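> Letter by letter, the chains look like this.
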Amino acid sequence: MNSSSIWFIIISVSIVSILPRILPVAVLSRFDFPAQLKKWLSFVAPAVLGSLTALYILAPDGYIDLSINNNFIWSFIPTLLVAVRTRSLLYSLLVGMATMALLYNFF
Amino acid sequence: MQSKELRQGISDSIPIVLGYLPLGFAFGVLAGEAGMSTIQATAMSILCFTGAGQYITLGLMQAGGAVITIIVANILVNLRYILFSTSLVPYLKGRVPTITGSLLCYGLTDETYAVSMNRYQDHPPTALYIAGLNFSSHLGWILSTFLGAVLGAYITNPDRLGLNFTLPAMFVCLLVFMIRHRSDVLVALSAALICLLIGHFAPSTMGNLFNIIIATIIAASLGMVINE
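Residue numbers (this note's numbering), protein chains in the order written: chain U, 1387 to 1493; chain Y, 7 to 234.
For reference, chain U alone in the conformation it holds in the complex (with noise of 0.2 Å):
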């Protein structure tokens, strides 16, 4: 592939990045929400977040692997307890990072 392809393709990946991430601000903030859409819209958050979380934790490389193979699973385990415990982001990425190093190096 020569250069100006992949500029033309640069170009063009950030413009259809960019639209979807700024024209809903900019034209849709000029009209109020029904408050069931604004509810509707509350819940979209939890669900990304749940979304995510699933994906990262239960298919890390792209499909389920449910194996005790799979290093997400038990480093989402002391994660998840120390974020309920002490509800802190910092413990939790330390905790959550030491246990994916140890169980990437030693097992």
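Think of the hints as simulated: they come from the structure by calculation, not from any bench. Bear in mind the structure is a predicted one, so any value in this text is a computation, not a measurement. Using N, Cα and C, we set each Cβ at its ideal position, and we do this for glycine too. Careful: at least some of the hints might be erroneous.
Here are the computed distance ranges between Cβ atoms for each label pair [what the hints assert, rightly or not]: (1) U:Asp-1451 - Y:Thr-44: 30 to 36 Å; (2) Y:Val-191 - U:Ser-1390: 50 to 56 Å; (3) U:Pro-1464 - Y:Gln-68: 34 to 40 Å; (4) Y:Val-78 - U:Arg-1471: 28 to 34 Å; (5) Y:Arg-166 - U:Ser-1390: 37 to 43 Å.
What the simulated footprint calls covered on chain U by chain Y, stretch by stretch (three residues with Cβ under 8 Å from a Cβ of chain Y suffice, anywhere in the stretch; the number is not a length) [unchecked claim]: (6) 1390–1404; (7) 1415–1429; (8) 1440–1454; (9) 1461–1472.
Listed next, the in silico DSSO-like pairs over lysine-lysine satisfying Cα-Cα at most 27 Å (straight line) [stated by the list, open to error]: (10) Y:Lys-99 - Y:Lys-10; (11) Y:Lys-10 - U:Lys-1425; (12) U:Lys-1425 - Y:Lys-99.
Based on the hints, put chain Y in the right spot on chain U.
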């Protein structure tokens, strides 16, 4: 007060930046292998802040995919941001000027979305907070891409340091923090289940992340029903 918001945004971006390091680095390395120069790889991370989309682009380039295929794949993978951006509207409206808020959404990613929505549960959004969070996250993405493109194979596997668990750990944490009501738990769990099921039965959605869109729409609607 104002600079405090900016600082808070920057400090909230630290876990995101840590998580982006190995991902951006890997993108830089792979971009070189796919035929991009260091300048092109770095420019792509400046102009497109879309990890999944950028990886898909490289994959399709190496597989000899047509340019139109690459663009369509990126439209699909970025569609979920319409949903994210729309859900930000009720928070930003009246607090951040529309033009500013819209432009700052250039830095909207799964990660900056999750962190800022968590923040807005008990702090009103400000332009400076969003700027601090989004720009530093984007800067981390750009710099790690550049380093990956330049250093390539010199750096040993970052997985050894557990860096590959930074973003998953952050999502787990933000999910725990965000849950306020029983309905949130049910929405999150059902989205997780639906997302995996769709991904399992339609594996292409694991790549274009369409499963997140469908799962979110169904689970949020389920939330409305539970809430009635």
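> Hint by hint, which ones does this structure get wrong, listed from lowest number up?
4 and 11
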